[in-house]
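Novice: Chains as they are written, first to last, in my numbering: chain A, 1 to 111; chain B, 1 to 114.
Think of the hints as simulated: they come from the structure by calculation, not from any bench.
Treat the hints with care, as some may be off.
Dumping the calculated DSS-like pairs for lysine-lysine here, alpha-carbon to alpha-carbon at most 27 Å [unchecked claim]:
# : chain 1 : residue 1 : chain 2 : residue 2
1 : A       : K57       : B       : K68
2 : B       : K57       : A       : K57
3 : B       : K106      : A       : K9
4 : A       : K57       : B       : K42
5 : A       : K9        : B       : K42
Listed next, with one range per pair, are the computed distances between beta-carbon atoms [said to hold, decoys possible]:
#  : chain 1 : residue 1 : chain 2 : residue 2 : range
6  : B       : S12       : A       : F69       : 43 to 49 Å
7  : B       : S95       : A       : E62       : 34 to 40 Å
8  : A       : R96       : B       : K42       : 22 to 28 Å
9  : B       : K42       : A       : F69       : 24 to 30 Å
10 : B       : H72       : A       : K57       : 25 to 31 Å
11 : B       : A70       : A       : R96       : 27 to 33 Å
12 : A       : L83       : B       : G41       : 19 to 25 Å
We put the CB at the ideal spot given by N, CA and C, even for glycine.
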Amino acid sequence: DSGVTQTPKHLITATGQRVTLRCSPRSGDLSVYWYQQSLDQGLQFLIHYYNGEERAKGNILERFSAQQFPDLHSELNLSSLELGDSALYFCASNYRHNEQFFGPGTRLTVL
Amino acid sequence: GENVEQHPSTLSVQEGDSAVIKCTYSDSASNYFPWYKQELGKRPQLIIDIRSNVGEKKDQRIAVTLNKTAKHFSLHITETQPEDSAVYFCAASYSGGGADGLTFGKGTHLIIQP
Numbered sequence: 001d002s003g004v005t006q007t008p009k010h011l012i013t014a015t016g017q018r019v020t021l022r023c024s025p026r027s028g029d030l031s032v033y034w035y036q037q038s039l040d041q042g043l044q045f046l047i048h049y050y051n052g053e054e055r056a057k058g059n060i061l062e063r064f065s066a067q068q069f070p071d072l073h074s075e076l077n078l079s080s081l082e083l084g085d086s087a088l089y090f091c092a093s094n095y096r097h098n099e100q101f102f103g104p105g106t107r108l109t110v111l
Numbered sequence: 001g002e003n004v005e006q007h008p009s010t011l012s013v014q015e016g017d018s019a020v021i022k023c024t025y026s027d028s029a030s031n032y033f034p035w036y037k038q039e040l041g042k043r044p045q046l047i048i049d050i051r052s053n054v055g056e057k058k059d060q061r062i063a064v065t066l067n068k069t070a071k072h073f074s075l076h077i078t079e080t081q082p083e084d085s086a087v088y089f090c091a092a093s094y095s096g097g098g099a100d101g102l103t104f105g106k107g108t109h110l111i112i113q114p
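The following block holds chain A by itself, in its conformation from the complex:
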C-alpha cells in the first residue's frame, strides 16, 4: 500500500457523459500527478498540481480538467467521454523532488 488512495476503483459510463475521479495523496505530500494508461498509448502524464496550483501539463485533452483542493486531494474531471477514453487512470504523489508513489488506479470503461 503506497498511502495514495483513489476512488472509485471501477467506473462504467456511456459516451458523452462526464465523470469525476478522486485522489488523496500520501500524508505530507503536496504534489499530485495524474496519468492515463491505455494499451495503445501506454502510460501518459496528464497534469501536475502542487499545493493547489497547476504546475505542469502533459498530454491532457481539453475535455479533461483537474483541480487540487485545500485539503490536497485532487479530482480529475473527464467530460464528453469517448470510447477511446477507456483506460486506467492513476494518480501519484510525492514530496518535493522525491519518488512518485502511485495510487491503485481507477479503471474507466466508456460504452
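Got chain A; can you put chain B on it based on the hints?
Specialist: Same frame as chain A, but now just chain B:
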C-alpha cells in the same frame, strides 16, 4: 518534448539468469530516471531510480546504469526469480521527482521461466 524508447518489449529468461532492459531518451536536459515494476492489474511501483550526477546505482539484485553522453540507461536484474515476472517501465524527467511529469517508455514484459 521528451521521448523515451524502451527495448525489448518482451524478455524471457531462465530463472537464475540475468535480465537487461534498455532505454534511450531524447532530451539532454532530462536528469531523473526512475524504473517502475507493474504487476497485472496493480499500480506501478518504483524499484530504483538514478539522477544524472551518478553513472550507476545498485540495490541488491537490481542495478541501473546511465550514460548521459549516449542518452541511454539500463536496468539490470541478476539471479532472476519467479516474482520478478512483471512489466517494467523506464521513465525520464528533467526535474527531480518528475515535477514536470514522467515520460514513460512503452514497457518490457519480463517473463521468468522456471
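Novice: For each hint, tell me whether it holds in the structure or not.
Specialist: Okay, the hints, checked on the actual structure:
{"no.": "1", "hint": "K57(A) with K68(B)", "verdict": "holds, 26 Å"}
{"no.": "2", "hint": "K57(B) with K57(A)", "verdict": "violated, 30 Å"}
{"no.": "3", "hint": "K106(B) with K9(A)", "verdict": "holds, 24 Å"}
{"no.": "4", "hint": "K57(A) with K42(B)", "verdict": "holds, 25 Å"}
{"no.": "5", "hint": "K9(A) with K42(B)", "verdict": "holds, 11 Å"}
{"no.": "6", "hint": "S12(B) with F69(A): 43 to 49 Å", "verdict": "holds, 46 Å"}
{"no.": "7", "hint": "S95(B) with E62(A): 34 to 40 Å", "verdict": "violated, 25 Å"}
{"no.": "8", "hint": "R96(A) with K42(B): 22 to 28 Å", "verdict": "holds, 26 Å"}
{"no.": "9", "hint": "K42(B) with F69(A): 24 to 30 Å", "verdict": "holds, 27 Å"}
{"no.": "10", "hint": "H72(B) with K57(A): 25 to 31 Å", "verdict": "holds, 27 Å"}
{"no.": "11", "hint": "A70(B) with R96(A): 27 to 33 Å", "verdict": "holds, 29 Å"}
{"no.": "12", "hint": "L83(A) with G41(B): 19 to 25 Å", "verdict": "holds, 21 Å"}
Comparing the model with each earlier hint shows violations of hints 2, 7; every other hint is respected.
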